[in-house]
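Undergrad: Sequence:
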Amino acid sequence: MFIVATRLKCRGTSGFLPLKICPTAMETINEWLDQGPPQFAIAINELLRAHREQREPNWHLVSDDMIKTTMKQQWTMSKLALQWGFLHKGWVPIITEHLKGTKRSAPKWLAILSNRIWEITEDLWKHRNDVEHGNEKANQLSSAQHRILDEQIDRIYTRIPASTRLLPMTTRHFFNRSKAWRKNRKLKEKRKWIRDADVVLRGYEDIGNHSRTARNFENYFSAQTKNDIDD
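Everything in the sequence shown is counted per the working numbering, starting at 1 for the first residue and increasing by one.
Bear in mind the hints are in silico, worked out from the structure with no lab data behind them.
Every residue gets a Cβ at the ideal spot worked out from N, C-alpha and C, and that includes glycine.
Do not take every clue at face value.
[Unchecked claim] Derived BS3-like pairs: lysine-lysine, alpha-carbon spacing no greater than 27 Å straight-line: (1) Lys186 / Lys72; (2) Lys190 / Lys89; (3) Lys68 / Lys108; (4) Lys108 / Lys89; (5) Lys183 / Lys103; (6) Lys108 / Lys183; (7) Lys192 / Lys89; (8) Lys108 / Lys186; (9) Lys192 / Lys179; (10) Lys190 / Lys179; (11) Lys72 / Lys108; (12) Lys100 / Lys183; (13) Lys108 / Lys179; (14) Lys186 / Lys100; (15) Lys89 / Lys68; (16) Lys72 / Lys100; (17) Lys89 / Lys72; (18) Lys103 / Lys179; (19) Lys188 / Lys89; (20) Lys100 / Lys68; (21) Lys183 / Lys89; (22) Lys100 / Lys89; (23) Lys103 / Lys89; (24) Lys108 / Lys188; (25) Lys192 / Lys108.
[Said to hold, decoys possible] The following label-pair restraints were derived from C-beta to C-beta distances: (26) Glu56 / Met169: 43 to 53 Å; (27) Ser142 / Lys179: 13 to 23 Å; (28) Glu31 / Met169: 33 to 43 Å.
Throw the hints in and build the complete structure from the sequences for me.
TA: Right, here's the structure in full:
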């Protein structure tokens, strides 16, 4: 089993967290990582530790070149991104290869991991705020979280196709609101929408990258959309 920074995440400057928060949450992450590539688990583990210790990750722990490259991309993406469950898109082909021969979806697999990571981070964040900071500092930290999520929302909106008719009908409702409206939502709602929207768009991008027919449909609908605007 690959332990994801259990000591570092469970023990902060305010001491140990309540047992009901830490071990159970860590077990859910460890159990999921055990189902992935071993080198991927090492990479996620080291990135989480490096952030907690405020140091550069030890890249030599990972020998797989593709995983090491994506590990570096994850780190430069934002040091806080992984803590809040935002994973670099470079992990998708790595997990896809690992799941080859199964009916499991790499975007969904990564989304579950994302959810488990941000849940324990949120528990730790709330506990530390309650013990150390009080309301004023908690509000400052909440604002920082909103800024990170707003950056993620900006990135999501750049990936939405020109015509949402390219997306499955059951998923189009994810994109029927403006970016400004999304940014005015509560933290929990923002996180859930980002995770769900990212899964939808990763699936769409994956089909487009591997299917000529899908690319032809995209070109057709994009042209139709432009004609509608011009008319």
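Undergrad: For every hint, state whether the structure bears it out.
TA: Checked hints:
For the suggested pair Lys186 and Lys72, the alpha carbons sit about 31 Å apart, so the restraint of at most 27 Å is broken. Taken as a hint, the Lys190 and Lys89 pair is honoured in the structure, with Cα atoms around 19 Å apart against an allowance of 27 Å. Straight-line distance between C-alpha atoms of Lys68 and Lys108 comes to about 22 Å, which keeps the hinted pair within the 27 Å bound. Between Lys108 and Lys89, the direct Cα distance comes to roughly 12 Å. Compliance with the 27 Å bound is thereby established for this hinted pair.
With a C-alpha separation of about 35 Å, the suggested pairing of Lys183 with Lys103 is violated against the 27 Å cut-off. Between Lys108 and Lys183 the CA atoms are separated by roughly 24 Å; this keeps the pair inside 27 Å, and the hint holds. As the CA atoms of Lys192 and Lys89 are separated by approximately 17 Å, the hinted pair is consistent with the 27 Å bound. Of the supplied pair hints, the one linking Lys108 and Lys186 holds, its CA atoms being roughly 23 Å apart against a limit of 27 Å.
At roughly 15 Å between alpha-carbon atoms, Lys192 and Lys179 fall within 27 Å of each other, so this suggested pair holds. With a C-alpha separation of about 11 Å, the suggested pairing of Lys190 with Lys179 holds against the 27 Å cut-off. About 22 Å separates the Cα atoms of Lys72 and Lys108, which keeps this hinted pair within 27 Å; it holds. The straight-line distance between the Cα atoms of Lys100 and Lys183 is roughly 37 Å, outside the 27 Å bound, and the hint therefore fails.
Restraint check: the Cα-Cα separation between Lys108 and Lys179 comes to about 24 Å, which is no more than 27 Å; the hinted pair holds. About 37 Å separates the Cα atoms of Lys186 and Lys100, which puts this hinted pair outside 27 Å; it is violated. Proximity of Lys89 to Lys68 is assessed by CA-CA distance (about 14 Å); at most 27 Å being required, the pair is judged to hold. With a CA separation close to 24 Å, the supplied pair Lys72 and Lys100 stays within the 27 Å bound.
Taken as a hint, the Lys89 and Lys72 pair is honoured in the structure, with Cα atoms around 12 Å apart against an allowance of 27 Å. For a cut-off of 27 Å, the pair hint linking Lys103 to Lys179 is broken: about 34 Å separates their Cα positions. Between Lys188 and Lys89 the CA atoms are separated by roughly 22 Å; this keeps the pair inside 27 Å, and the hint holds. Distance hint between Lys100 and Lys68 is fulfilled; the C-alpha atoms sit about 21 Å from each other, no more than 27 Å.
With a C-alpha separation of about 22 Å, the suggested pair Lys183 and Lys89 falls inside the 27 Å cut-off, and the hint holds. Between Lys100 and Lys89 the CA atoms are separated by roughly 18 Å; this keeps the pair inside 27 Å, and the hint holds. For a cut-off of 27 Å, the pair hint linking Lys103 to Lys89 stands: about 20 Å separates their Cα positions. For a cut-off of 27 Å, the pair hint linking Lys108 to Lys188 stands: about 19 Å separates their Cα positions.
Taking the CA atoms of Lys192 and Lys108, the gap is about 13 Å. The hint holds against a cut of 27 Å. At roughly 46 Å, the beta carbons of Glu56 and Met169 sit within the given window of 43 to 53 Å. The supplied range of 13 to 23 Å is met by Ser142 and Lys179, whose beta-carbon atoms lie about 20 Å from each other. Range check, Glu31 to Met169: about 35 Å between beta-carbon atoms, so the 33 to 43 Å window is met.
Checked against the numbered hints above, the structure violates hints 1, 5, 12, 14 and 18; every other hint is satisfied.
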